[in-house]
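All chains, full assembly: derive it from the sequences and hints.
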Amino acid sequence: MTSRKAQGTRLKVQVTTLAVCLVAAAIPIAAQQGQAPGGGGSELSTNVNLGGGSGWRGTVPSGPVPRLPDGTVDLAGVWQGGGPGGSNGGLERGLAKGETIPILPAAKAAMAARGPLDNTEALCLPAGVPRVPSAYPWRMVQTPTHRKATHIFILFEANIHTFRQIFMDGRKHPADLDPSWYGHSIGWFEGDTLVIDTVGFNDRHTLDGNYPGTTQKHIIERWTRKDLGHMVNEITIDDPGAYSRPFKVTYPATLRVGDEIMEYICNENNQIGIAGGYIKPQ
Amino acid sequence: MNRKVLALAAVLLLPSSAAVGAHHGFSSEYDEKKPVTLTGAVSKIEWTNPHARFYIDVKDASGKVTNWNFELASLNSLRRNGWTQFTLKVGDVVTASGYAALSGVPMANASSVRLADGTRLFAETNAPSVQQTPQP
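Top line first, the protein sequences correspond to chains R and C.
Under our numbering, the first sequence has 254 at position 214, and the numbering climbs by one with no breaks.
Under our numbering, the second sequence has 167 at position 39, and the numbering climbs by one with no breaks.
Because the hints were derived from the structure by calculation, they are not lab data.
Think of the CB as a built atom: it goes at the ideal place given N, C-alpha and C, for glycine as much as any other residue.
Derived pair list, reagent style SDA-like, types lysine to any residue, alpha-carbon separation capped at 20 Å:
#1 R:320 - C:195
#2 C:172 - R:322
#3 R:320 - C:194
#4 R:320 - C:234
What follows is a list of derived Cβ distance ranges for each label pair:
#5 C:218 - R:183: 41 to 47 Å
#6 R:209 - C:161: 53 to 59 Å
#7 R:228 - C:195: 55 to 61 Å
#8 C:207 - R:219: 32 to 38 Å
#9 R:320 - C:219: 25 to 31 Å
#10 C:165 - R:300: 33 to 39 Å
#11 R:318 - C:191: 30 to 36 Å
#12 C:174 - R:106: 38 to 44 Å
#13 C:171 - R:103: 47 to 53 Å
#14 C:257 - R:300: 30 to 36 Å
Set out below in structure tokens:
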């Protein structure tokens, strides 16, 4: 027979479990409310960008900005967010209040003519920059690890399972770049802000699954770690092939302590287009 | 933890499953105006990316059996929400809700999966009105 004391202990466990569930449920709910299109702004608390790597229920840590022995801000770790993500409308979400996207008429027409299978991410092709990193967790790796980096790598969980490399050793962009999905990135620190300058893109990917990019695209990312658990990426997009002037979008990223990036081989079993009727089942 | 507490916890967690799957847009593949709730035995599980899938044999009133393909989230989201490759087994009877394919083929984007004993499994859909997802 179960004792009254044991029953009381079990009830406490159940109540505690419920409380944990309530807190766990409340965190993503708040995040979703911040996802509403047109929300604008770049407040950390109102612009969280979840994605396919969602579902992690860890707590974002608090504390001071960590530093390497030489004093350089340490950006290493597994992060989520920092870009427009995989969903359409992600670019607008990063605009400051009152800002608009200065898309040229021809680019707007091309965007409207795009079909569902023109989405590179749905086809398991790279989503490009600045669409990634953001929708899935990613890890920033600095080398060497004990002083200011000469190379930084951003390892993407998805989509697709790949990486960007940022040359921090003072080199310039080559003059004869081939167009590529992630472009050629050089970086440097301005105070505690990591600046990444990227050119040499192809024109196959979009900025957010919706807005186009061309081979003239020039992206400048400014990554600033605000504290232990939070980073902000202010992105300047300069692409005269599709936009009438440079414009800025800003996205927060959060540190995922205890999480790891996982394998994601997108073209393993991609059935895109069958449910939509664009591709016939085999 | 008794079943009532488990069920309540599952309901509380449901809104958090609305986090968007980023691989493809919902509206180019599925029809939010075609919600389905189907019960059948699992015939196959594909523990794969970009989406895990399970297939169930669904018998209609005339006895005709149709094999339905239900799309789940990515493995990564499923793993982070407690699934493993052994969570669902061939032969399990499940009641699944979701949204049917635009093309009319027997495919659906899963919004809810419930085992015969009432256990509800995490499912993630990027349907725009996911908070109003029908529950079996």
